[in-house]
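Engineer: In case you want the letters, here they are:
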Amino acid sequence: MASLSVWRRLVGARVRADWQYRTSFFLFLLSQTVVACMDLAVVVSIFSQVDSLGGWSGVEVALLFGLSGVPFGLADMTISQVETASRHIKAGTFDLFLLRPLPTLLHLSATEFALRRLGRVLQPLVVLLAALVLAPIDWSLETVVLLLTTLLSGTLVFGSVWVVTSSISFWTVESQEVANAFTYGGSLATGYPIDVLGTWLRRILTFLVPLAFVAYFPAARMLGRDEPLGQPSAIAWATPLVAVASVLVARAVWSLAVRHHRSTGS
Amino acid sequence: MTEPVIDVAGLSKSFTVMRKAGRVRRRREQMVAVAGIDLHIERGAMVGYIGPNGAGKSTTIKMLTGILVPTAGRVRVDGLEPSRARTELAKRIGVVFGQRSQLWWDLPLRDSFDLLRHVYRVPAERHAANLQRYADGLDLGPLLDVPVRQLSLGQRMRGELTAALLHDPAILLLDEPTIGLDVISKEAVREFLVAINRDQGTTVLLTTHDLTDVERLCERLLIIDHGILIEDGTVAGITSRYGTERTLVVDLAEPGEPLRIAGAAVTRVEGPRQWLRFRRDEVSASELLTRVTAQVEVRDLSVEEPDIESIVREIYRR
Numbered sequence: 001m002a003s004l005s006v007w008r009r010l011v012g013a014r015v016r017a018d019w020q021y022r023t024s025f026f027l028f029l030l031s032q033t034v035v036a037c038m039d040l041a042v043v044v045s046i047f048s049q050v051d052s053l054g055g056w057s058g059v060e061v062a063l064l065f066g067l068s069g070v071p072f073g074l075a076d077m078t079i080s081q082v083e084t085a086s087r088h089i090k091a092g093t094f095d096l097f098l099l100r101p102l103p104t105l106l107h108l109s110a111t112e113f114a115l116r117r118l119g120r121v122l123q124p125l126v127v128l129l130a131a132l133v134l135a136p137i138d139w140s141l142e143t144v145v146l147l148l149t150t151l152l153s154g155t156l157v158f159g160s161v162w163v164v165t166s167s168i169s170f171w172t173v174e175s176q177e178v179a180n181a182f183t184y185g186g187s188l189a190t191g192y193p194i195d196v197l198g199t200w201l202r203r204i205l206t207f208l209v210p211l212a213f214v215a216y217f218p219a220a221r222m223l224g225r226d227e228p229l230g231q232p233s234a235i236a237w238a239t240p241l242v243a244v245a246s247v248l249v250a251r252a253v254w255s256l257a258v259r260h261h262r263s264t265g266s
Numbered sequence: 001m002t003e004p005v006i007d008v009a010g011l012s013k014s015f016t017v018m019r020k021a022g023r024v025r026r027r028r029e030q031m032v033a034v035a036g037i038d039l040h041i042e043r044g045a046m047v048g049y050i051g052p053n054g055a056g057k058s059t060t061i062k063m064l065t066g067i068l069v070p071t072a073g074r075v076r077v078d079g080l081e082p083s084r085a086r087t088e089l090a091k092r093i094g095v096v097f098g099q100r101s102q103l104w105w106d107l108p109l110r111d112s113f114d115l116l117r118h119v120y121r122v123p124a125e126r127h128a129a130n131l132q133r134y135a136d137g138l139d140l141g142p143l144l145d146v147p148v149r150q151l152s153l154g155q156r157m158r159g160e161l162t163a164a165l166l167h168d169p170a171i172l173l174l175d176e177p178t179i180g181l182d183v184i185s186k187e188a189v190r191e192f193l194v195a196i197n198r199d200q201g202t203t204v205l206l207t208t209h210d211l212t213d214v215e216r217l218c219e220r221l222l223i224i225d226h227g228i229l230i231e232d233g234t235v236a237g238i239t240s241r242y243g244t245e246r247t248l249v250v251d252l253a254e255p256g257e258p259l260r261i262a263g264a265a266v267t268r269v270e271g272p273r274q275w276l277r278f279r280r281d282e283v284s285a286s287e288l289l290t291r292v293t294a295q296v297e298v299r300d301l302s303v304e305e306p307d308i309e310s311i312v313r314e315i316y317r318r
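Residue numbers (our numbering), protein chains in the order written: chain V, 1 to 266; chain G, 1 to 318.
Since the hints were derived computationally from the structure, they do not count as laboratory data.
Misleading hints may appear alongside valid ones.
To be verified - Subject to a maximum C-alpha distance of 30 Å in a straight line, what follows is the list of computed DSS-like cross-link-like pairs (lysine-lysine):
1. Lys90/V to Lys20/G
2. Lys91/G to Lys90/V
3. Lys91/G to Lys186/G
Let the hints inform the model, and build the full structure from the sequences given.
Structural biologist: What follows is the structure, encoded as structure tokens:
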């Protein structure tokens with residue numbers, strides 16, 4: 001946990017440094033919040049035309065939206081900095097990360113931390129809280145534990161997707177667009193009931209990039225829906241396992257990528 | 001005899017580069033940056049590492065720090081294999097890249113140092129004592145509260161050196177530490193390095209293009225070219241071995257045509273003053289002077305010893 005305290009200090013330094021450019025900070029925070037609200041506006045306008053989407057009511061979709069948006073925002077704040085790796089590689093500054101007695105990922109995450117991304121967490125958090133109150137959830141200890149583990153697991157899954165897709169840049173240097181397709185695209189897809197998607201896309205989101213576990217299965221369980229995508233609803237409890245597996249894969253890919261960088265040079 | 005602190009055998013590094021071959025097609029090519037280096041540096045030594053651009057200096061330094069993984073060969077730095085024990089090694093070495101800052105750009109210098117204390121987990125008292133010592137030695141006191149981006153290059157470099165030393169590294173690796181500095185800043189950096197090496201026994205390896213650095217700082221000099229170590233010896237030894245060419249400068253009674261003297265060649269004429277280059281192993285200075293005075297009247301004379309700069313130029317040219 002000593003690493004975590006170093007991370008906090010480095011993040012603090014970054015926030016203090018950014019604070020010198022306050023106006024820019026607030027403008028960015030504003031723009032991030034506006035972007036996040038646009039996503040919500042899409043959902044709201046869909047439900048002004050129809051009553052349900054793939055059998056999910058408006059407030060149920062809002063729950064999905066929150067369950068996917070909050071972890072996405074948290075991962076965006078803490079881990080998405082990894083996508084700056086390609087810029088550092090091009091500029092040759094990635095070397096500096098290798099000169100410190102710290103794990104490279106932790107160092108990168110702290111150095112490139114951006115508090116303004118808070119805007120992307122706040123808005124889905126409001127939606128999630130509202131949905132938790134309004135949706136027909138049968139509250140029990142299980143539901144509370146499921147909610148909390150889901151948020152944590154979702155953050156880890158999104159974070160892993162970021163790490164894996166950013167690792168590609170160690171080979172290609174330019175891969176930002178590929179990465180964005182999975183991260184931003186993934187978050188958009190998980191905000192809707194997977195039932196509305198085509199079969200092959202469903203399979204990809206369930207098994208290849210396991211984003212269905214981030215929001216869909218847990219939300220189905222919390223709402224007491226049976227057989228989501230033909231699976232038993234207890235599949236929601238596989239989410240933490242999926243998260244652990246994602247983290248292991250991401251770790252392996254990242255260290256392979258860093259080692260590759262070190263064998264090709266800059 | 002103790003084990004060398006830097007122990008390198010058969011160290012090689014080649015990169016795969018993509019070359020254009022036709023409009024779309026690209027061809028993979030191997031580019032050899034370092035082609036088999038053997039190197040042993042004793043604890044407490046101060047060694048200069050020079051060579052033309054692209055000779056392999058920085059690549060070597062990067063392999064010593066664990067930034068790059070060698071293609072072949074053995075590297076041990078303070079007993080560790082850099083690419084495998086990167087984070088452990090990071091605590092024992094200090095690195096300064098003249099062209100890249102390791103400080104926090106928008107924060108005061110003091111904050112950078114404080115962050116490094118936590119990154120390297122240096123105990124508070126030791127950090128305070130070290131900071132005091134370096135701030136005094138490098139005259140940093142008044143700069144500690146200035147944001148790094150407002151420092152001049154010379155001031156920043158003093159900050160970089162302090163940053164690299166606060167965790168008491170056994171080895172200091174410097175990649176062009178005096179690049180872009182003015183004469184006074186260069187001298188301050190040199191004096192500081194001499195003091196660190198003398199007082200703390202820190203092993204120093206530095207690459208440079210400024211040969212005054214080498215003359216002032218290093219007993220031992222390594223010269224690399226095309227990835228191969230072509231010289232490894234004392235500065236004095238290399239100077240005497242290569243420095244066979246000297247110049248006799250004579251002031252004649254009156255200006256005239258360039259002299260024609262056996263065993264010497266006139267390289268420059270300025271009014272009555274003429275420069276005659278000769279080889280020490282072919283003719284002595286006094287013998288040459290005899291030949292000159294046989295032709296013309298000489299008012300004054302001096303003999304110019306070769307400087308390290310001209311020697312290195314000669315070595316690179318081969």
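Engineer: Hint by hint, say whether it matches the structure.
Structural biologist: These are the hints, each one checked on the structure:
Of the pairs offered as hints, the one joining lysine 90/V and lysine 20/G holds, with about 20 Å between alpha carbons and a cut-off of 30 Å not exceeded. The straight-line distance between the Cα atoms of lysine 91/G and lysine 90/V is roughly 26 Å, inside the 30 Å bound, and the hint therefore holds. Pair hint lysine 91/G plus lysine 186/G holds up; C-alpha atoms about 27 Å apart against a cutoff of 30 Å.
Hint compliance for this structure: no hint is broken.
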